[in-house]
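> Be aware that the first sequence starts at 107, since it is given in my numbering, and climbs by one per residue.
Because the hints were derived from the structure by calculation, they are not lab data. Glycine included, each C-beta is placed from N, C-alpha and C at the ideal position. You may find that some hints are simply not true.
Said to hold, decoys possible - Straight line, CA to CA, 30 Å or less: simulated DSS-like cross-link-like pairs of lysine-lysine:
#, residue 1, residue 2
1, 512, 592
2, 422, 512
3, 422, 392
Claimed, not checked - The calculated label-pair distances, taken between Cβ atoms and stated as ranges, are:
#, residue 1, residue 2, range
4, 696, 225, 36 to 44 Å
5, 357, 436, 41 to 49 Å
6, 553, 363, 46 to 54 Å
7, 594, 221, 42 to 50 Å
8, 428, 695, 26 to 34 Å
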Amino acid sequence: MPTINFEKELNAEQLKVIHEGDGPCLVLAGAGSGKTRTIVYRMAYLLEKGIPPEQILLLTFTNKAAREMLTRVEELTGVNPRRLCGGTFHSAANRFLREFAGLLCLPSEASGVGGGFARGFGILDEEDAKSLIKLAVKEGGFDTGAKKFPSPAIIKSVSSFALNSQILLEDALEMKQPAFYDLAEDIKRIIGIYERKKRESNMMDFDDLLFLLVKLLRENPVVRASLSGRFAYILIDEYQDTNPLQAEMIRLLSPKSGNILVVGDDAQSIYSFRGAAIANILNFPKVYSGAKVFRLEINYRSTPEILNLANDIISKNTAQFPKNLKSVKDSFVKPFMHQAGTGADEARFVVDKIAALRREGVPAKSIAVLFRATHHSQPVELELGRRGIQFEYRGGTRFFERSHIKDALAYLRAFANPSDETAWQRILLMHGGIGPASAQKIFIEIRELQSFEHIANHNFGFALGEKIKFGWNKLIGTIKNLIPHKEKNPSELIRALANSDYAVYLATEYENSKDRLEDIGQLAAFAANYPTLEDFLSEIALYDGFTGRGQTGDAIVLSTIHQAKGLEWDTVFIINLADMAFPNQRALFEDGGVEEERRLFYVAATRAEKKLFLTFPLIGPQGDYVQPSMFLSELDDDLLESAAKKYQENSEYIDEDVPFSDTPPEKRPQEKDWRKRSFLRSVDEL
DNA sequence: TGTAGAATCGTTTTT
DNA sequence: CGATTCTACA
């Protein structure tokens with residue numbers, strides 16, 4: 107094992123955490139203060155001291171972050187990262203439940219399905235969960251048409267919020283959806299049906315992973331002793347974004363030794379919509395008595411100019427730990443603010459600057475464009491595409507959530523578990539002639555059969571109409587093609603599907619079917635790493651790192667601010683800093699909403715190392731005039747540079763950018779036009 | 001009654 | 001684009 111020179115690699119603040127990090131510890135780490143580095147070196151330190159890797163648990167916000175950290179630990183110590191336990195709360199819970207889910211004691215209901223979950227349970231993603239709730243609403247026979255009735259999406263998000271925040275559904279409704287407060291009883295009944303359906307299908311959703319583990323830890327002392335005895339040290343990253351349910355999970359898992367070290371920055375808490383509670387980090391010293399508090403306040407990332415602006419942004423918030431971030435970098439330039447005409451003008455400014463930076467030799471991958479909501483990137487995407495500049499988009503539909511990938515996975519899921527209702531629903535509906543009503547009838551019969559050979563030869567207890575029969579026979583044809591491959595590697599099953607009627611279906615359904623088929627090829631290649639269907643399916647439900655095509659490694663990054671958390675770039679553009687867009691209009695109605703939006707702005711600004719651009723349009727997408735973001739007007743003007751200021755200071759200065767478009771707002775191309783253009787562009791690309 | 005196809009709508013952030 | 005709603009047809 108190589109010896110590490112901790113004194114040389116770390117500063118005094120960080121070193122203190124490394125040496126004194128036993129027992130409960132709270133590390134308040136400002137943006138860019140080497141938080142990841144500290145965790146990595148702390149783990150290396152523990153391993154050097156002789157702690158077996160199996161006894162260290164690392165919990166992070168994304169699986170990608172965990173992998174990166176474990177890789178760095180490996181580079182430092184030579185310890186195989188597979189021996190360390192690391193991942194998100196959800197993936198850790200998943201791992202533990204694979205061992206113990208059978209011991210759950212769940213109430214047995216009318217259906218007679220009681221007890222626990224079988225070990226090979228599947229995982230529903232958000233969309234699956236919503237469609238299952240949709241079926242539950244139907245089954246419950248609610249009067250959804252007469253008056254306003256909550257959509258499956260609303261039912262899911264409210265109940266999820268209640269569970270993650272550990273509050274009553276009624277309270278969650280009052281906070282999030284007061285219009286449906288009166289329907290609390292109906293919603294509870296729907297959730298009840300949904301719970302039953304999940305158990306009948308042996309499926310868990312994301313929330314179940316956390317909640318059922320917590321339930322098991324609370325109720326079963328043997329399981330709790332086994333799991334909490336397993337780890338001598340627990341380290342948690344991004345603690346400011348944990349929610350009460352996760353906090354409870356940690357409390358129940360925490361080892362007797364009390365060695366639990368959490369790292370976070372209350373100024374970067376941006377997930378309250380998911381139940382994240384700053385109270386977790388604020389109350390840590392109370393929950394874990396004798397907790398030591400450390401502070402990391404030296405910022406290694408940004409220039410003083412950027413940091414001054416960031417500090418000014420966050421100083422407008424009241425609910426926070428006082429902090430004093432110091433920059434150690436040399437002075438450079440002030441952040442630049444740019445006012446544009448339309449979104450297209452704004453995009454042109456951004457792309458002009460990007461092109462100039464590229465000419466100066468700045469690598470593409472050290473430039474990022476950040477925005478509040480996914481669709482805000484449209485104009486910049488268009489402009490980059492027009493100029494032939496490569497970019498990598500973060501935050502669109504995830505690979506595993508693309509509809510054709512989900513189609514393929516539905517077949518795999520049905521093979522892995524013939525009573526998987528959402529999977530069958532999906533498979534049945536993509537066959538012409540079969541609609542929601544017949545799909546349900548068919549599913550009720552075939553769910554009992556449990557074997558694909560039986561399903562393929564099944565005679566229905568009711569008459570199939572001509573059209574339905576046609577669709578069903580097609581489906582049977584596909585399944586028969588797949589049966590010979592089902593015992594093999596999941597990759598083969600996917601390839602077989604790509605060579606079946608499904609390819610014909612894709613071709614008739616989508617213009618870009620070739621590309622979608624290629625995606626399925628990618629999926630097959632990816633699946634080759636997994637020996638069994640079950641391994642493969644459970645892993646990908648929680649996997650976040652795989653985006654399929656378009657990973658060039660050297661491209662401009664377009665990303666939502668949420669997805670940019672923890673990352674850094676030489677140059678950062680924060681676009682669309684306009685009223686109603688950022689801060690997001692809807693966030694303003696929530697308690698503490700403005701402060702959370704401001705933290706989001708803070709996170710965005712602190713991603714930049716050397717150059718930071720803040721841009722906004724004056725003309726909205728409908729051709730209406732929009733105000734700049736309140737976050738811009740509240741800033742100390744001295745901290746910013748702008749074209750207008752440069753002009754004032756130096757009359758020689760010529761602004762090469764056109765701040766206003768010369769087309770009057772009324773004559774602007776209508777929204778529909780640019781939608782079409784964006785569609786054409788994406789077809790061109792393929 | 002159930003389905004297909006057309007028209008219309010909208011979009012915060014995510015494990 | 002995707003999700004949802006409306007409309008015409010079997």
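> Each hint needs a verdict: does it hold in this structure or not?
Here is what the structure says about each hint:
The straight-line distance between the Cα atoms of residue 512 and residue 592 is roughly 18 Å, inside the 30 Å bound, and the hint therefore holds. Only pairs whose Cα atoms come within 30 Å are accepted, and residue 422 paired with residue 512 is rejected, the gap being roughly 44 Å. The suggested pairing of residue 422 with residue 392 holds, with an alpha-carbon distance near 27 Å, which does not exceed 30 Å. Between residue 696 and residue 225 the CB atoms are about 40 Å apart, so this pair conforms to the stated range of 36 to 44 Å.
Take residue 357 and residue 436: their Cβ atoms lie about 44 Å apart, and the range 41 to 49 Å holds. Here the CB-CB span from residue 553 to residue 363 is close to 48 Å, well matched to the stated 46 to 54 Å. Checked against the hint of 42 to 50 Å, the C-beta distance between residue 594 and residue 221 comes to roughly 32 Å, which is inconsistent with it. Evaluation of the 26 to 34 Å hint for residue 428 and residue 695 yields a pass: the beta carbon distance comes to about 29 Å.
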